[in-house]
Every structure is written in C-alpha cells, then in structure tokens.
Amino acid sequence: MDDEESILVPLEFLLKKAGHEVTLARTGEEALAHLGTGSFDLVVLDLMLPGLDGFAVLERLRGLPTRPKVLVLTARGQQADRAKALALGAEAFLPKPFSIQELLAQVQSLGEEG
Amino acid sequence: MSPSLLLTSLALYLGLLFLVALLGEGRGKALAQGPWAYALSLAVYATAWTFMGSVGRAATEGATFLPIYLGPTLVLLFWPFLHGRLLQLARAHRLTSWADFLFLRYRHPLLGPLAAAFLVVGLLPYLALQLKAIAQAFLFLSGEKEPLADVAFPTALFLALFAILFGTRRLDPSERHQGLVLAVAFESLVKLLAFLLVGVTMLWSLGNPFPQAQSRPELAPLLLPPEGLAGYLAWVNLVLLSGLAFLFLPRQFHVSVVENVDPKHLPLAAWAFPLYLLLINLPVLPLALLGQLHLPGENPDLYVLALPLEISPLLALLAFLGGVSAATAMVVVESLALSILISNHLLSPLLLRYRALGSLLLWRRLAILLVMLLAYLYFRLAGEAYALVGMGLISFVAVAQLAPASLLGLFWKGTTPQGALAGLLGGTALWAYTLFLPALARSGWLPKGFLEGPHPLLRPEGLLGLSGLDPVTHGFLASLTLNLTLTLGVSLFTRQEAPSRDRTGEVEELAALLRRVLGPEAGEAFLEQATGLRGPEAAALAEAWLAGSVGPATARLLLLSATREAPPQALREEVEAAARESRALRTYAEALEAARKELSEAYERLKALDQAKDELLAAVSHELKTPLTSVRALAEILEAHPDLPEEERRRFIALLAKEAARLSRLVDQVLAYARLQAGLPPALAPTDLKGLVEEALALVKPLSLERGVNMEEALEAVHALTDRDRVLQILLNLLHNALRHARRRVRLELHRRNGEALFRVVDDGPGVPEEARLRVFEPFQSFSGGTGLGLFLARRLVEGLGGRIWLENGNGTTFAFTLPLEVSHEDPGGGRRGEHPGAPGVPPEEGGA
Chain A
0 MDDEESILVP
10 LEFLLKKAGH
20 EVTLARTGEE
30 ALAHLGTGSF
40 DLVVLDLMLP
50 GLDGFAVLER
60 LRGLPTRPKV
70 LVLTARGQQA
80 DRAKALALGA
90 EAFLPKPFSI
100 QELLAQVQSL
110 GEEG
Chain B
0 MSPSLLLTSL
10 ALYLGLLFLV
20 ALLGEGRGKA
30 LAQGPWAYAL
40 SLAVYATAWT
50 FMGSVGRAAT
60 EGATFLPIYL
70 GPTLVLLFWP
80 FLHGRLLQLA
90 RAHRLTSWAD
100 FLFLRYRHPL
110 LGPLAAAFLV
120 VGLLPYLALQ
130 LKAIAQAFLF
140 LSGEKEPLAD
150 VAFPTALFLA
160 LFAILFGTRR
170 LDPSERHQGL
180 VLAVAFESLV
190 KLLAFLLVGV
200 TMLWSLGNPF
210 PQAQSRPELA
220 PLLLPPEGLA
230 GYLAWVNLVL
240 LSGLAFLFLP
250 RQFHVSVVEN
260 VDPKHLPLAA
270 WAFPLYLLLI
280 NLPVLPLALL
290 GQLHLPGENP
300 DLYVLALPLE
310 ISPLLALLAF
320 LGGVSAATAM
330 VVVESLALSI
340 LISNHLLSPL
350 LLRYRALGSL
360 LLWRRLAILL
370 VMLLAYLYFR
380 LAGEAYALVG
390 MGLISFVAVA
400 QLAPASLLGL
410 FWKGTTPQGA
420 LAGLLGGTAL
430 WAYTLFLPAL
440 ARSGWLPKGF
450 LEGPHPLLRP
460 EGLLGLSGLD
470 PVTHGFLASL
480 TLNLTLTLGV
490 SLFTRQEAPS
500 RDRTGEVEEL
510 AALLRRVLGP
520 EAGEAFLEQA
530 TGLRGPEAAA
540 LAEAWLAGSV
550 GPATARLLLL
560 SATREAPPQA
570 LREEVEAAAR
580 ESRALRTYAE
590 ALEAARKELS
600 EAYERLKALD
610 QAKDELLAAV
620 SHELKTPLTS
630 VRALAEILEA
640 HPDLPEEERR
650 RFIALLAKEA
660 ARLSRLVDQV
670 LAYARLQAGL
680 PPALAPTDLK
690 GLVEEALALV
700 KPLSLERGVN
710 MEEALEAVHA
720 LTDRDRVLQI
730 LLNLLHNALR
740 HARRRVRLEL
750 HRRNGEALFR
760 VVDDGPGVPE
770 EARLRVFEPF
780 QSFSGGTGLG
790 LFLARRLVEG
800 LGGRIWLENG
810 NGTTFAFTLP
820 LEVSHEDPGG
830 GRRGEHPGAP
840 GVPPEEGGA
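Chains A and B supply the protein sequences, listed in that same order. Oh and the first sequence: position 70 is 69 in numbering that gives the first Met the number 0, straight run, nothing missing. Oh and the second sequence: position 149 is 148 in numbering that gives the first Met the number 0, straight run, nothing missing.
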C-alpha cells in the first residue's frame, strides 16, 4: 500500500507480472479493511501515510490471527525507522529509491521462507 | 519576671511577625493585597503611645486622649474625596511621600529636601517615644533598676535592625512591600486583641471602677468634659491636630497611599478603621480609673502593665508584647518611610552630583540606622522630661506644618511656590521655637532662661503674652496660623508662573532620555504610550516614570536636559551618567534574571530552528525520494518490457512525465529558498500581471485536471514594475497549495485596489485549522505533507517585492496578497499603455514584458 499513485501503479504491474495476486490500498484504514476480509501472504507497506501511518498499521497487524509478512518501504532511510519497523515485526525493509530487481528479490525471498 | 523570659518571648513574637511578612510575599500575597489587610495596616496609627500612653493621659488629664482618635475618624469622612484624588495623583506620578507631592506641585528645588529634612527632625520625638515606651515597660516588668537610657540604646539598635530586615530586603520601584503590609495588619490585630483582653480581664477581676470613682472627688475631673475656653480650645485643637497628623505622617502616607493596591479598598477602610479606633479606646478609661484606685503612686504610663501584673504575669507578658509590637510596627514603617524620603530628596540628588551613588539599598539601611540613632539622641536629651503623649504631640505639630502647602496646593490653583516655601519655613521655625527647643530646655540642655524668652511678648510657650494654654495647643495654634498666613499671603502677592513651559518636550527626545537612563525597553514602552500625547503630557509621563525609579528631584534634573531649558552640557551628561548608574544598580538583579531568561529562550529558539532544519532536510529528501522511486521503477519497467501494450505504455510514460515535473518543481522551491537565504535583490521589470497569472494557470492545468478540480478566474488587466519570476513562483506556490486542499474548485482573482495589485487564491477545501492559522507562513510548518516551504517562500517573496500576504477568514482557504504597481508614467518601451486609466481604447492584452 502507498498513498502515491505513481508508486502503486508500477508496483502493481511488477507484482502481477511476477504472478502474485494484488490488492491496492491508499491509506492505512483501507489496508486494514482489506486485511480483515481476506488472507494475504505479504503486505508491502509505505511508512509515510496520511492518517494512520505505517507504524500504526504494523502494530494493528500484530493483533491479527493469521499475520501476513510485511515488507516496509520508506523514503526516510534512517536507522531509527528501520529499527522501529523491524521491532514492530516487519520482515524486511527497503529504502527508497529502490530498483525493481531489489524489490522483486525481496518479495521472492519472503515468499520462499513462508 | 526574668529579663531572659521577656527577651525570649519577644524574640519568638518578632520571629512570628517575620514569618507573617514572608507569607505576605509568598503564598499570602492575595491576603496581603486584600481590603482587610489594607484597613488593618492603617492601624499602624496606633502606636505604643496608644497602647500605654492613652491610659496614662486619661489617668492624669481625663478624656483628652479621645480627640487623638476623633481627628482621624473625622478625616475618614472626607476620605473618599481627598484620598481618591491623592491615590490618582500618586499612581500617575509614583509619589512616595508628601514631599514628593510638594515637589511635583510647586517645582521649587528647595521644597522637597526641606520638607524631607523637617519631617526627619520633626518625627524624632515620636520615634523617641517608642524607645521610651519599650525601655520603660521592659525595666518595669523585669524589675531591673538600670537607667532607662541603657536599655533604650540596644532597643534603638534592635528596632533599626528589624526595620532594615523588614523594609529593605530588596528594592522595589513601586516601593510596595506586601510582606510588610501583612505583618503590620497582623500586628494591629494582636495589639487590639491584647488590649481588649487586658481590659476585659481587669474589669472582671477588679470590678467596675465607675461607681467607686464617684466616691473619690479627686477623680471627678477625669470623667467630665474640659472646662473653660482653654479646655474647649485644647479639645478642638487636638481633633484638628490629630486629623492632620493622620493625613501627613509619613508612615500613614506610606500605608494608605503607597501600599494601596486597589482604590476600591477605601470604602471598607473608611468604616473599619474608625471601628478599630473605637474598640481600642474602650478599655482606656476603665484601666485609667482602676490604676488610680488600685495603684496610687505608680507611673500612669505603666498602668497597662502594672494592673495585669497584679493578677497574672502571663497577662502582663501579653500586654508587654502588645505594646512592643505596636512600637515595632510604628518604628519599622516610619523609619522605612523616612529612609525613602532621605534617599529620594536628600541623598540621591547630592550623591548624583558627586557621582558617588553606591547601592541605594545600603543608603536606605544607613538612613534607617541614622534615624534611629537620632531618635535615641533626642530621647537622651529630652525624653525623661515628658510623658509619652506629650512627646508624640510635638511630632504631630511638626507634621501638621505640611498641611497648608499640601492641601492648598491640592485644591487651590493660586498657591505659589514662594507661598508654600514661606509658609513651611515660618511654621517650622515657630514649631522649633515653641515646642522643640523648649523640650530641650526643660531637660536642662538649653539654659532655663530660654523658656522666659528675650522679651515677655516672645515667651516660647506664651507668644504675645498668651497664657493658660497648654504648650502643645499654643505651639500648634501659633505655628499653623503663621504657616497658613504666610502661605496664603505670599501666594496672593506673588505671581503665578505661567504653566511651566519647560515641561514640554519632543516625544522622541524624551524617549531617547528614558532609553539612556532606564534602558531600551523603557524607551520603547514610552514611545508606545506617549505617541499622540501633547508635549507637556508626554513630559509629565516621562517624569513620572523617571521619578518612580530615581526620585522626583533627580527626575526633574534629568528632564531639564530633554526640554527647552537645557542645563550646561557637562552637567547634563554627568547627571545622566550618574542616574544610569543608579538605575543600573537598582535593576542589576532584574537584569541578571532577564538575561538568564533571554539566554534560555534564545537557546530554545535555536534548538527549535535547528530541529526545523533537520525536519526540512528529512521532508525534502522524502519529497525527492518518492518521485525518484517512481521514475526509476517506471523507467526500469519500460526498459525491461519492450512488449508492453500501447495503452499501458502510455500510462506509464504519462506518470513518468508527471513525476519528473514534480521533481523539477521541488528543486525550484529549494533553490528559491536558497536564493532567499542568500538575499539576492529582485530583478524589477515592467510586467503584465494578467498575462503572468494566465501563464501560472496554464502551468497548473495538468494538476487540476488530475485532481478533478475546476479552475475559475476573475482577472483585471494590471501592469506592475516587479520581478516576474518571483511573482510566478508565488502564484505557483499558492495554486499548488490550493489544489492540494481543494474539493471541487479553485478560484484566482486579480484586481487593482488603491494603487496596488490584489491577488486572491480561494479554494473550497477544509480550511486552515484555527490553531495553525498563525503559523501557516512560518518555515517548515507543513500541515498537509508538503515541504512546508511553499507558503513561507510565498510570504518572503511577496514582502521582498514590497507587498503583503495574509490569510482571509471564511469558508475554505483564501490567501490574498498585494503587490505595489510602481509604474513610471513614461512608457518604458514595452508598449504597455494599457494600465493607464487615461489611455482608453488600448487593449490590455497588448502588454507583456
């Protein structure tokens, strides 16, 4: 999920191309609503969201019975954000700007682990 | 009773008083500033003289103790008229004493110092009286037989110390001492309760003295009114005298005017204080009669102690503490008031001349010590010869000499400085001749022949051959008559000077003077208040401010330099420098505190700014990285998938273009910010504003289409001499901001208003939250996830071009800004004639730079 269309569109394209089923969400609330209705293997999460931010979404995710894996994307590549995201249970962390290879490799490895 | 027990209980009681004073400056501040504390603090009027001397006087002269309390009671009838006016004056001019008033009213350089010096001398008997009362009481209760003077000296030192501790702990420009007021009020309550308790207990245990007195013919005169003309005259005189004393005693002025926090306290005091006097006088006559009946041969001034001692030492101790606390309160307040007088009117002007001004607080303390030592000296010289009340009355007559000049000055415009001076000098001389010096002569310090006078008509206690009047009545009548006659007579025969022209001054000059002497803040504050005032009013205001800080005499001297009658430059500089030093000393602690505060505030501001810069960096990098990610991903996709369907390909390329535009906009903003920081001047050129607005609208069109926001415009043709690029940047910043928040529409208006171009950017979004309105133009204050630079930049740019920008009230958000037109009338060569109202028919579209 991301609040920027310009990120969502290429990500959707790439993930679909890699054979995943993709649901888009623009806000934290939207994402949580989707997570409540179906089961997901992976959440790709931007930290800076309007309203409920990425950290809050991570925290809510921990309470779910079947928790999907989380790949965190952020433009704020600071160590503190990384540590906080990982502490809150994110499996992987990808600072922007990233290449599509990096992204696909991360998604791939997370899928294999699961 | 052992002296150590007396001293211990005394120390404990004074310690308690000190705690009360501390309470008054701390948590009990509200109490100390209340109407009851004010009313009770007026009762500092009742001293050891009331507590012990009244009974003594009643036992020897009957009811003549009463007029001393009837006077103030009658004065309180006029209280609302007189005091309201006085309070107003005191507040406006920061008066600290009647001497200040005389100086202010007559502007004669001699009046202030003369009145001050005279008050100091005139009050010595009164202070000596307190010493005598305490020393007498102490010796009586302890049973020691030391000479009175040996006890009086330590008492004087002790009281001086106490006054210094109470009144000069710190320097307050308003000369208010909340702690002192509360302590005095507390002490008033203690002496009243102690006195009433003694009275009630004595009546209870010794029985009603009035029936017994009937059978003792020698006591009958005590219960009857005074007889004959002399008696009536004495009675009326005492009422008048005590009324004037109540008004003009420095300590009374201090508690009733200087320490007054709120004029609304007057109505309560106007009935509560007479009630207090009534209550404290109830036991006087019974105690006097009981003393005469049961303790013949005892000093009547000591009945208040001797009677309780018959029953219980504890009650006698209570009476002792009541008397001592009455004396202490009087001495503390009186010597404080006198020390203010001395430092403001005698020491400061002198020291300023010689630039020897040290710590004012130290001078105050020394003044208190000096006053007490002089009082002791007077006590040594004259004290033994007089009863308590007699000594006090000599001071009363002295104080009453201020009345003609003050009261006439307050209510009659015709009083002249010469009249006031003549009256005061004449009254003073006669007071000394009829009362002060005879007291010394009676004690053997002047030849006895002095009392006979150089001529039978000039006998000090019987001028013009008068006889049969008691000395106080005689001295009072003589000195006040002469005083009043001289004040009125000389005033009538001297010409009222034209309203002092020298008191007018330019506001700027006055502000500069205040800035030099009192510091820059005072100068600014003065400018704010005095702008618009006429010259004399501004000068009066400046003088009042100076007077509150350096005393009226010095203030006057300082003011001369800023007004028309300029003194020699050298003196002026010297006085100013010295006044500055005095001011600096006074405000040293204040300044230190202020500096500390400022430093910590500056530190906080720097910290916040630093943090804001960090946040800006983070925000800018976030803003950069998001479009960069998108561009990179889209480019890589396009590269890796050359076989994409045409439709998807176009979509990706459109996104790519949009993100690239976003990046360049961001870079523009950061660069504009950097330029602003560098302070480059605007590049002014004739500009077609309407054309510029249309250009800006075209630039944001893609964004508005994408957001589904309808753009509206209402544009007049306006041309201006301005920086084209900067105006475009302003418009883009405001439009982007509006588009980011709008629901359906954004409207841009351009009008010509009062020689300015007025722009308005309106959106129908949620509007700026109330708490954020003030901060929208500050840097790094982002409320929408933007860089937080757009509006800040817009403001800086607008102001750099000589315009104003603001946020208007209403639904949605409306930013408006103006730009000056500044178009020269000759055609600068761009064919821009359209903006001239006098050039009709030229289509505005033709313009453009």
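Bear in mind the hints are in silico, worked out from the structure with no lab data behind them. Be aware that one or more of the hints could be misleading.
Said to hold, decoys possible - Take a look, some chain B residues computed to stay more than 10 angstroms from chain A by CB distance:
#	residue
1	L11
2	V120
3	P626
4	V630
What the hints assert, rightly or not - With a straight-line cut-off of 30 angstroms between C-alpha atoms, the simulated DSS-like cross-links for lysine-lysine are:
#	chain 1	residue 1	chain 2	residue 2
5	B	K657	A	K15
6	B	K606	B	K624
7	B	K596	A	K16
8	A	K15	B	K624
9	B	K657	A	K16
10	B	K28	B	K596
Each residue gets a CB set at the ideal place from its N, CA and C atoms; glycine is no exception.
Verification of the supplied hints:
1. L11: 63 angstroms, holds
2. V120: Holds, because the least Cβ-Cβ distance between B:V120 and chain A comes to about 78 angstroms, which exceeds 10 angstroms.
3. P626: The claim is violated: B:P626 sits with its nearest Cβ about 7 angstroms from chain A, within 10 angstroms.
4. V630: 8 angstroms, violated
5. B:K657 <-> A:K15: 23 angstroms, holds
6. B:K606 <-> B:K624: It holds: about 27 angstroms lies between the C-alpha atoms, which stays within 30 angstroms.
7. B:K596 <-> A:K16: Given pair B:K596, A:K16 is violated - Cα atoms ~64 angstroms apart, limit 30 angstroms.
8. A:K15 <-> B:K624: Distance ~24 angstroms between A:K15 and B:K624 Cα, so the pair holds.
9. B:K657 <-> A:K16: 24 angstroms, holds
10. B:K28 <-> B:K596: 24 angstroms, holds
When each numbered hint is compared with the structure, violations occur for hints 3, 4, 7.
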